[in-house]
Structures are given as C-alpha cells and as structure tokens.
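This is what each chain is made of:
Number of protein chains: 2
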Amino acid sequence: MKEIPYKIYLEENEMPKAWYNLRADMINKPAPLLNPGTHEPMKAEELAPVFCEELIKQELDNDTAYFPIPEEIYNFYKMYRPSPLVRAYCLEKELGTPAHIYYKFEGNNTSGSHKLNSAIAQAYYAKMQGLKGVTTETGAGQWGTALSMACSYFKLDCKVFMVKVSYEQKPFRREVMRTYGASVTPSPSMTTQIGQKILEAHPGTTGSLGCAISEAVEVATSTPGYRYVLGSVLNQVLLHQSIIGLETEAALKKYDIKPDIIVGCAGGGSNLGGLISPFMRDKIKGDLDCRIIAVEPASCPSFTRGKYAYDFCDTGMVCPLAKMYTLGSNFIPAPNHAGGLRYHGMSSILSQLYDDGLMEAIAVPQTQVFEAAERFARVEGILPAPESSHAIKVAIDEALKCKETGEAKNIVFGLTGTGYFDMVAYEKFHDGLMDDYIPTDAELEASFAQLPPV
Amino acid sequence: MKEIPYKIYLEENEMPKAWYNLRADMINKPAPLLNPGTHEPMKAEELAPVFCEELIKQELDNDTAYFPIPEEIYNFYKMYRPSPLVRAYCLEKELGTPAHIYYKFEGNNTSGSHKLNSAIAQAYYAKMQGLKGVTTETGAGQWGTALSMACSYFKLDCKVFMVKVSYEQKPFRREVMRTYGASVTPSPSMTTQIGQKILEAHPGTTGSLGCAISEAVEVATSTPGYRYVLGSVLNQVLLHQSIIGLETEAALKKYDIKPDIIVGCAGGGSNLGGLISPFMRDKIKGDLDCRIIAVEPASCPSFTRGKYAYDFCDTGMVCPLAKMYTLGSNFIPAPNHAGGLRYHGMSSILSQLYDDGLMEAIAVPQTQVFEAAERFARVEGILPAPESSHAIKVAIDEALKCKETGEAKNIVFGLTGTGYFDMVAYEKFHDGLMDDYIPTDAELEASFAQLPPV
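From first to last, the protein sequence lines are chains A and B. What the first sequence shows, in the working numbering, is residues 742 to 1195, in sequence order. What the second sequence shows, in the working numbering, is residues 742 to 1195, in sequence order.
Hints may be right or wrong, so weigh each one.
All copies of an identical chain are treated as equivalent in the list; a pair is satisfied when it fits inside any one copy or across any two copies.
As the list claims (entries may be wrong) - Using 25 Å as the maximum straight-line C-alpha spacing, the simulated DSS-like pairs for lysine-lysine come out as follows:
#  : residue 1 : residue 2
1  : Lys1064   : Lys770
2  : Lys819    : Lys1150
3  : Lys748    : Lys896
4  : Lys995    : Lys819
5  : Lys999    : Lys1144
6  : Lys1024   : Lys999
7  : Lys873    : Lys1048
8  : Lys1024   : Lys1142
9  : Lys834    : Lys896
10 : Lys770    : Lys1026
11 : Lys1150   : Lys994
12 : Lys873    : Lys834
Please keep in mind that the hints were generated in silico from the structure rather than gathered at the bench.
Throw the hints in and build the complete structure from the sequences for me.
The structure is reproduced here in structure tokens:
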C-alpha cells in the first residue's frame, strides 16, 4: 500500500474539467421553484429579470449530468485549486483513534472559503451576458468577499448588502471587499423600498440574511444591466461546488481509499452539496456504502427541527418559493449565535436527499463547536471558521466512536474555510461569554405558522 | 518546453531534507556577535542562559553547509509545506509585460507567514532540551502567532511580549495567539525591570521591537526552564528559512527556469535570507548571473541609509552586539508607518553580502507599497501582507522595465504572507489617510551618535 502523504495535491491537469450535476442521477428530483403568486413552477423567462441567463439554464436543468467548466473559470480556479485533501495525522494521534481522518481544505484563498468556486462562475456568466454588475447579500462576509474578488477579476461592479450586525462587528471583512472594489451597504438600509419598510416595522433590527436578499434582489431588478447572484441554496451553486467533491473523489482514488463517513456543515448547503455530489451518486447507484452527515447549529436547526415545505427564500417575500427544510422565512437565530450557518432554509437538493433517507443530520451547540475548533487548531495548525468547525466537531465524535470499537473507518470532512475574521467569536469563547441558545418548540411553531399555504 | 502551471507544487518527498547554511559558502563570513562588556566574540557558554543549546550551535557554525531537518520538524512542515511557487500569469497580463513573474507564497498557514518555518524549529529544540517554555517579542504579530502555534504543537509554554501599539490595534492577532494557548503581554509592561525603567523614562510610549526584546530576554534569563527565541535577524533563523529558497530552487529546476532577478522584503532579513540562500551560493561561485534586491520601507531604511557597524539588538542593551546595517538601537519608525519591517537593524549575513556588493537594496514609500498590494490582490486573488507588498512593488517595477525593453526576464519574489490582520492599514490607504513619512538626515545622525564605540 502506498504511504499516504499529509496533503494529497492533485496536479493542475487532474482538476475536473466539468462540474457534476447530481440532480441528473437523483431518483426523486428536487421540487421546482414556484411562482409566489400562481404557485406554478417558475419558467426561465420569469427568472430572467433576477438571474443571469446561463445560470437560469443550470438552475432548471435536472437532466444534464456534466457541465464543462469554461476556460476563463478554469484558469481562475488554477490560481487556488486543486485544493489539498489533508490526512489529519496529527488529529488522529491527538485523539488516539484508529480512524483515518481526511479533510478537504477550501480555505487557502483570500475569500477564506469555498464560496469562491461559485462566485467566479456567476461573475463569469454575468460578464458574458454583457452585464454591468451584480448585487448580492452577505452574512458572515465569506460570500461577499468571494464575489468581490470574482467581480474584480472580470471588472464587474459589485454591490453587496451586508447584514447590519456583521457590518458593524466585522469591519475588516468590509475592508477586504473594498480592497476588491465592491460597495458594501449595511442591511436593512434606506436605499431600497423593502429596506425602508423593514426598518419602519422593526426600527432597531440588526438585519438578517432574508432581509439582505430582498434588498439585493430589489436593486438588481430595478437597475438596468444588473442581476442578482446568491452564494448558496440554489441548484446552480451546488453544481459549481461539485468541484470540491470531484477533486476529493480523485484524490481518494489515487490512494484506493473509500470513505465510510462523509461530514459537512450545512447552512444553505453549498459546501455539503458540493462535497458529497459524486459520493451520493455512487450511493444512489448502490456502488458505495457510506454514511453522509449534515451538521447544523442547534440554534438554527433546519434539518433536524424544520418542516419540509414550500417557503420564501427571503424576508421580503419577493423571491420564488422553494421546497426545503425550513424554519420559516421569519426565523432569525439568536444574536448570540456566532457560528454562521444562520439561514432559515436549506438547498432543495439536500432537502430531497434527506427526506429520501440518503443523508443524516445532527445539530450541535456552539460551545462544543468552538471546543472542537480549538482542539483541531492546536494540532493541525489551521484556524478553522466557526462554520467549518461544525463538521470538525462531528468528525471528532465519529473518530472517538472508532476508538471505542477499534474500527479504522475512513472519515472525510469538509473544512470549508478559515476563521481569521471570526476572532470576536473566539474571544467570547475564551472569555467564557458564549452560551448555547436553542430555540423553543413554541418559537418554532410560531414561525411555522407563517409558512405560505402551498 | 513543458507548460508551466499556475502553481508549481513539489511532492512531499521533494521537500528538502536539510537546511542550507549559506555562511559555509560565504567568502567574507558575517561578523561574530560580541559581548557588550568585553567586546570579545560571544562564546556558546555566554549565550546559554539566553538561547537553547542546539540553536547556539547553529548560530555560531559558519562551516557546516547542511543541517538535517529533524523528523518531528519535517512532519510539522508537511502540514503546510512544500509551499507553492506561483507563476503570476494574471499579473503579467495586467501589466502587459513579457517578463515571467514567479512568487513563492508562504502565507498558506494560520500564522499567515514564513515565520512558522523557524518557529517550529526553535520550539522543537527547546522541547528537546527539556525546557518548560520560551519567551519572545512580536511586532505586527506574525512571529508571535507562529511561535504560539509551534509551542502549542509541542505543548510548551509561550510568553509573548507584543509591542503595545500593535497589541491595541490588533486585538485579533492577540486572540489567535490565545487560541494557541500563549500568554500575551503588551510591551513595555510593569512585569519586568527593564519595562518599568522604560515606562519611567517614556511614560506614554507605545513600545518598539527593541523594548519588547529586552523584556522577553529578561523574563527568559530570570525564569528557570525558560529561554528566549527570536524570529528574525539571527543566523539560525536564516538557516531555518533556507527551506524557502531550497524549495524555490527545486521548483524552478523542474521547469529549467533560471532567475534573472530575485526580490524580497527585508525587515530583519529572515525571509530574504532564506529565499536567496541557494541562489546566492551559486552567485558567489560564479554559476548564476542574477540580481538580488532587498526592499525596505523608506521610513525604516537600514540598508539604504543605515551604517554598517556594531550595535545593540535591543533597546535595553542587554543583548550581544551584532555587526549590521543599522539605524541605531534607539531608532523608532514613525507611528504612521503601517507596513511592518520596523526593526532598526538587519541580519549580519545579509549585511555582509550587501557590503560585499552581492546584493542591491531599494527603499520604497508606503503608499506606493499599498498601491502595488491592491493591484496585485485584484488580479492574483491573494491579499498580501504590507511587508510582502514591498517586494510586489519592486517586482512590478522590474516587470514594467522589461515591458519597455522587451526582455522576458524571470523575476522571482517572496510573497511572505497574507494581510488579513492588516485591514486597518488598508482602510487608511482606501480613505486617503496614509502618508509617507521619511526620517530626516538629522534624525538619523542623532540616532547614529548613540552607536556603541566598538
């Protein structure tokens, strides 16, 4: 057997040449987006004022298995990809586990996360369509940073609506976006009608992803030459993120490794959906016996406590309806929640797979997530993002189970990004000021009561 | 000719197995450290209360060309090395230059810079000696972060004295060190005698590297089981950093590339000294015709306006005397200087090479450095540290000269780290609040007047 290196790098020419569309191999396809007025499936022409044309095609295509990666995107990928698949030798030793732990590390680029994989694709298609610019929202700031970088590369204007609480707590994130030439507006703002409306109803609000989406969509649809782009949840985003899974598959194959457990954090589902895509295909076909685990924060438990139902993607209810595991579009996680992954819903693809019993989900409280993060950082070097640390927590738990049973399972998890801009959260954790707020059943029931009657 | 990839990665088994000691091949050896009392060369036993034993051997050895890298250090290196040598295709296109630009990127680890290469070695030797812990100083925080990571890995205690102005301006750096279990004290502090003395003489001082070194040395020499470690300037540090140059050499050789110009930023000289080591060897032997350029900030111009003389390494004058290009141990760069590289002196090895005419040096004002940084970030993705951006500035200038002459020179520069913790400086730059203070001749003369009479 070949010795497995600490980092399995692929050569540039081993990088996948096409994205993989898992929908083509799903038995039960994800439910279509619905027009919020008619409750009929959205047609391409209805989506055209909001999204770029090519991206709409990708969004609606449940049949084409492979989409070739355009050369310009491929060349950009080469600046930071293929990303390493790391064998966590030091973590294994620290845990004393017979398990073999691997993580796909997506943090080695300035946006600090996997978000860049889809940002560059979306910016490219906007450029090809001859657009002037794009609008978007960002919460923790990873997506906004990634999109700023991508737009700077293609010389597109980029307008980012940043959830107000993050805008104020993360001035450095904002400054990185500015370095890449983006304009950043705290949301809700007075620059949009929906923002004004939200501020009138909730004067002191610190914002939410749902609000920021509504504002970004309003600006995109009311400004000539602009479209809206989104960093997660959508089918097109999972398509672009399939590069994570395809590279992981290629790297594992080089060393004849078959994963027994795959773990990923899940907010909107972009990382997890990308990471698992080729493995889920094999699992659906009966070629791979593998557990797939989504990890979400206990404060925003879409999979584990949400409803599988049609819901709005945004607070302003201007977006199409998506069928997904959701906590209700008005649900806002407790402000003391530091770990990202704050979105109320979940990718329709992952929701369907979860409903079909092909995936598991676990919700974890944030202090345990930060404990796992620090433990990981001290032996593996990398300072993980709080989001990614949800996956670390469960990977460690599974490795410790292997210690009890003596099994040498192969555990693969997605390390989606770095935590350099999350030091306020780490500080709270170090100072013992972090707590574990979990929504009550009554809170969730109240939120579910507002689901649209579809 | 083989197509050159965007990133030339070496395999783990191509990583150098030994550090290279350039002193072994220097015609004029660097001047020895002197005892500040007797002005006689420091003996190993005199250094033993301050430094680890093995590191003293490395410090004083001008003859051994190769030091094998111990296995434990090698395994740690494997977590983040070999680092990529990147062909800056996008920057070349942006500049429209026929030059081929390469950069050795050392920022892909949590410390965010090359400093980790020496930190892990120094922590290892401290551990092997059975010590409880180490003390050090840090300015911008890169070295302190790197040492915290290294000490956490070997379960050593780590006491960091952080220049007060940085401690206050960079709370996140401090928090990263805390994540790795280090204690961080703002310097000057009341916890040391020298700190008390400095605070008495200069009550409002925001500190300097020289002060922080004095405090760290005092604690190391007065606490049983502790020694002091330093992240730059010393011969041992350049030895460990030779891995940067050796990997660069190996990567270039794979594609039959010979560098015409090598550029590196220079504060204390650790990165530049490491990057150039094998190339300088070939240059000394007449086997390579190559310009080697040190870039320093115009606000702290040790090479270009300093004196080549024996000087103290610290403000408290407790350290040995080193012969180096120096601005005087009392010199403190203007507080508005944001770009790092604030040390008054320079590696003795590089000082000797510069004095021998084997290297050039250029001083650049900080606004031009940030302009180059932003230009680079927008096309190459990576957000560079202000320190590293000094090298970017001169690499771009040289590439633009090639554009005028039509020459396809190979320009290699060291991209030592990332700027995630420097967003305050970027913000100043974006807001037009950055200026270019340059010390006057009179200021420098006053500082030179205090050089020790050796």
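Hint by hint, here is what the structure shows:
With identical chains, the CA atoms of lysine 1064 and lysine 770 are at most 25 Å apart within one copy only, with a shortest distance of 11 Å there and 73 Å across copies. Proximity of lysine 819 to lysine 1150 under the C-alpha cut-off of 25 Å is restricted to the inter-copy arrangement: shortest distance 23 Å between copies versus 32 Å within a copy. For a Cα distance limit of 25 Å, the shortest separation of lysine 748 from lysine 896 across copies, 24 Å, qualifies, whereas the shortest one inside one copy, 34 Å, does not. For the homomeric pair lysine 995 and lysine 819, the shortest alpha-carbon distances inside one copy (20 Å) and between copies (19 Å) are both at most 25 Å.
For the identical chains of this complex, lysine 999 and lysine 1144 are intra-copy neighbours only, at 19 Å inside a copy versus 51 Å across copies, given an alpha-carbon limit of 25 Å. Within a single copy, lysine 1024 and lysine 999 get their C-alpha atoms as close as 12 Å, which meets the 25 Å cut-off; across copies the closest is 49 Å, which misses it. With identical chains, the CA atoms of lysine 873 and lysine 1048 are never at most 25 Å apart, being 39 Å at best within one copy and 54 Å at best between copies. Taking the closest pair of Cα atoms, lysine 1024 and lysine 1142 come within 25 Å of each other only inside a single copy of the chain (23 Å); across copies the shortest separation is 57 Å, beyond that limit.
For the homomeric pair lysine 834 and lysine 896, the shortest alpha-carbon distance between copies (14 Å) is at most 25 Å, but the shortest distance inside one copy (47 Å) is not. For a Cα distance limit of 25 Å, the shortest separation of lysine 770 from lysine 1026 inside one copy, 15 Å, qualifies, whereas the shortest one across copies, 68 Å, does not. Within a single copy, lysine 1150 and lysine 994 get their C-alpha atoms as close as 16 Å, which meets the 25 Å cut-off; across copies the closest is 40 Å, which misses it. Only between protomers do lysine 873 and lysine 834 lie at most 25 Å apart by alpha-carbon distance; the minimum there is 22 Å, versus 52 Å within a single protomer.
Consistency note: the structure conflicts with earlier hint 7 alone.
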